[in-house]
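Residue strings, one per chain:
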Amino acid sequence: MQETKYWTWHMISGVIILILLGIHMITNHLSSLLGWFNPLGGESTEWGNLIERGKLMAYVIMYVLLLATVLYHGFYGCRKIIFELGISYRYKKVTNILFIIFGVFLFIIGCLATFTFYIIANAAL
Amino acid sequence: METDQAGVLREKEMGSGKKYPNTLGLWGWIGGGRWGLERYLYILHRITGIGIFIYFILHVFVTFSRVYGKEVWESWMGFLHAPYFAAGEFMVFAAFSFHAFNGIRLVLIELGFAVGKAEEPIYPYTSSISKQRPVMIIAMIITAILVAAGGVDFLGLMN
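Protein chains in written order, with my numbering: chain A, 1 to 125; chain B, 1 to 159.
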């Protein structure tokens with residue numbers, strides 16, 4: 001039952017990622033075609049565009065949500081692949097613990113970067 | 001009798017924490033038998049998933065660098081704008097496009113859409129694969145369009 005719940009969340013997170021990462025990909029990889037979400041024009045990774053996007057709370061929320069969903073979706077997917085290789089219960093437990101620790105660490109790093117940059121971007125106004 | 005012995009052996013192996021019998025492991029991904037096209041998409045789904053996730057972890061650390069200011073960020077971007085990194089980013093975009101739309105196809109099938117109605121198993125048996133195929137074709141057409149658009153963007157950046 002617990003595994004079914006994890007699997008359902010894996011599917012739900014996949015749909016959320018499609019929307020949020022879709023926006024991220026449009027911003028960064030279709031910028032010369034569409035130019036969306038790049039108010040200053042030019043490349044999406046230019047500092048000015050970064051500041052313009054980074055000062056919006058909507059972007060902060062989007063990135064935190066994207067971070068959380070990708071980490072869950074990715075670590076669950078890797079866990080499923082590893083478990084399918086037929087490892088013992090003990091190694092399954094170790095895998096779970098390591099993935100949770102690494103996932104939480106990456107979430108903290110990502111959130112720290114997003115919120116710190118929100119403060120930097122708004123101070124640059 | 002032979003079946004019983006196999007059953008006992010299987011239970012012993014499972015209880016001992018050894019590899020489960022009948023598990024093909026990593027080989028089972030690519031070399032399990034005569035499979036249809038959808039099965040190869042499943043392999044590609046896993047490979048692209050792993051690739052995207054490795055990139056994502058590195059991406060978290062790279063994007064953290066903007067916290068140190070404009071100079072640090074721009075030096076990173078200068079480094080990552082080298083043609084081979086740009087080509088790598090395009091490959092990640094292509095992998096994302098495939099993984100996303102193949103994933104939507106898998107969710108639809110998992111939830112019972114586009115697999116046809118249940119039928120009496122009367123010979124000659126029909127496979128639900130043929131009923132699923134249009135969804136696969138649509139998903140791959142969308143993927144191809146996105147990859148082409150990403151390719152135009154990538155070539156635009158290169159020029």
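It should be emphasised that the hints constitute simulated quantities derived from the structure, not laboratory data.
Watch out, some of these pointers could steer you wrong.
Straight-line C-alpha distance at most 20 Å; calculated EDC-like pairs for lysine to aspartate or glutamate [as the list claims (entries may be wrong)]: (1) B:Lys70 - A:Glu84; (2) A:Lys55 - B:Glu119; (3) B:Lys70 - A:Glu43; (4) A:Lys55 - B:Glu120; (5) B:Lys131 - B:Glu110; (6) A:Lys80 - A:Glu3; (7) A:Lys92 - A:Glu3; (8) A:Lys80 - B:Glu110; (9) B:Lys70 - A:Glu46; (10) B:Lys131 - B:Glu119; (11) B:Lys131 - B:Glu120; (12) A:Lys55 - A:Glu43; (13) B:Lys131 - B:Glu38; (14) A:Lys5 - B:Glu71; (15) A:Lys93 - A:Glu3; (16) A:Lys92 - A:Glu43.
In this text, all values refer to a predicted model and were calculated from it rather than measured experimentally.
Structure-based check of each hint:
no.: 1; hint: B:Lys70 - A:Glu84; verdict: violated, 45 Å
no.: 2; hint: A:Lys55 - B:Glu119; verdict: violated, 57 Å
no.: 3; hint: B:Lys70 - A:Glu43; verdict: holds, 15 Å
no.: 4; hint: A:Lys55 - B:Glu120; verdict: violated, 60 Å
no.: 5; hint: B:Lys131 - B:Glu110; verdict: holds, 14 Å
no.: 6; hint: A:Lys80 - A:Glu3; verdict: holds, 10 Å
no.: 7; hint: A:Lys92 - A:Glu3; verdict: holds, 13 Å
no.: 8; hint: A:Lys80 - B:Glu110; verdict: holds, 16 Å
no.: 9; hint: B:Lys70 - A:Glu46; verdict: holds, 9 Å
no.: 10; hint: B:Lys131 - B:Glu119; verdict: holds, 13 Å
no.: 11; hint: B:Lys131 - B:Glu120; verdict: holds, 16 Å
no.: 12; hint: A:Lys55 - A:Glu43; verdict: holds, 18 Å
no.: 13; hint: B:Lys131 - B:Glu38; verdict: holds, 12 Å
no.: 14; hint: A:Lys5 - B:Glu71; verdict: violated, 45 Å
no.: 15; hint: A:Lys93 - A:Glu3; verdict: holds, 14 Å
no.: 16; hint: A:Lys92 - A:Glu43; verdict: violated, 44 Å
Hint violations for this structure: numbers 1, 2, 4, 14, 16, all remaining hints satisfied.
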